[in-house]
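> In case you want the letters, here they are:
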Amino acid sequence: DGGITQSPKYLFRKEGQNVTLSCEQNLNHDAMYWYRQDPGQGLRLIYYSQIVNDFQKGDIAEGYSVSREKKESFPLTVTSAQKNPTAFYLCASSTGLAGVYIQYFGAGTRLSVL
Amino acid sequence: RKEVEQDPGPFNVPEGATVAFNCTYSNSASQSFFWYRQDCRKEPKLLMSVYSSGNEDGRFTAQLNRASQYISLLIRDSKLSDSATYLCVVTAQRSGGSYIPTFGRGTSLIVHP
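These protein sequence lines are chains A and B, in that order.
Residue numbering for the first sequence follows this note's numbering, beginning at 1 and increasing consecutively.
Residue numbering for the second sequence follows this note's numbering, beginning at 1001 and increasing consecutively.
Straight-line distance between alpha carbons at most 20 angstroms, and here's what the computed EDC-like set of lysine to aspartate or glutamate pairs gives:
(1) B:K1042 / A:D38
(2) A:K57 / B:E1003
(3) B:K1002 / A:D59
(4) B:K1002 / A:D38
(5) B:K1045 / A:D38
(6) A:K71 / A:D30
(7) B:K1045 / A:E24
(8) A:K57 / A:D30
Hint data in this document are derived by calculation from the structure and do not stem from the laboratory.
The shape of chain B in the complex, shown without the other chains (with noise of 0.2 angstroms):
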């Protein structure tokens, strides 16, 4: 089982659509979770931290189940502009103590017209 999984998708979602997407993770040591997004040939941009209480930035939502283990991402009111991969990043410590980020694969969103 890989470390991080996300399913790539694409998303295809028509503007104003609600979407959501998962990431499950194998360590449940895991520290610290992140959803960074990626546009084309750019370098990923921190989009939000995730805690376990939830944590809300406008119209993006992010959830941690730690039991399950995974995170979520919940987007509302799409724009054209959300079109971009969502990478779903968490931090494990690693042997020698030091604390490691691992990336997903990515989930690939297309928000149309």
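Excised from the complex, chain A in its bound form (with noise of 0.2 angstroms):
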């Protein structure tokens, strides 16, 4: 059964803790990304990576760190540095076939920190 799998669901950190999402997929797709949805609001690129071995800051990059070392995963690191990460992380993966790029999404992990 094909998909995108995020761990864990719910997530808590501590101050100063460097905490790190899973995201995988076994769709086959070549980009993935991370997105960060706050209540009521859109969803916010964090960062995306569109081939193995590289990636690129999204819209809200800073206090976040990836990294994209097998197609199938990209995990994201919420750091110390990132003073307001409560929210529901999304992560998603799309296939790029002739121009038309529809991402699906995994079910999230919602941070909270304690």
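Work from the hints to combine the two standalone chains into their complex.
Written as structure tokens, this is what we have:
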């Protein structure tokens, strides 16, 4: 059953702690993305990767880091430099067939600060 | 001006009503357009792509107006299960050559009995 798996579903961060959100896909998609969604807001792009071993900053990359060592995996680290990390984090992947970039999303991770 | 703008609503309609949402975008070079549906505390899911010629999927009709830079979604015969937030998504090329989707804030629809 193909899809995108995010874990954990809920995560709590202590002050000064780095935490890593997992995102794995078995859709054989080249591109992967991380978004942040705050209550009543749209999705804001944190980082994206079009191919393995390459990634680009999105609109709100400060305080976050990523890696793309495998096609299937795109983990996001929320560092202690991110002062307001409480949000709903969504990972997506896409194929760029014929210029149409439909994204498929994981179920998300809700991050809260203790 | 924001890249993608939507009226956040909420649109509160009775069952069986017809409701329409609009979305405007600022980048005239935008290439592909979509409507996604997001239920409360869930991930967005693709509702339909939007084509220049307009397209229909059951009770849902999407239109694209490139000259005026807006897309629309029409829902006929609204059902209680249509209650959700509808996200407008526009894909455009960024510096570096990548095509990246940009999401609107979403329009909330509440269908009541």
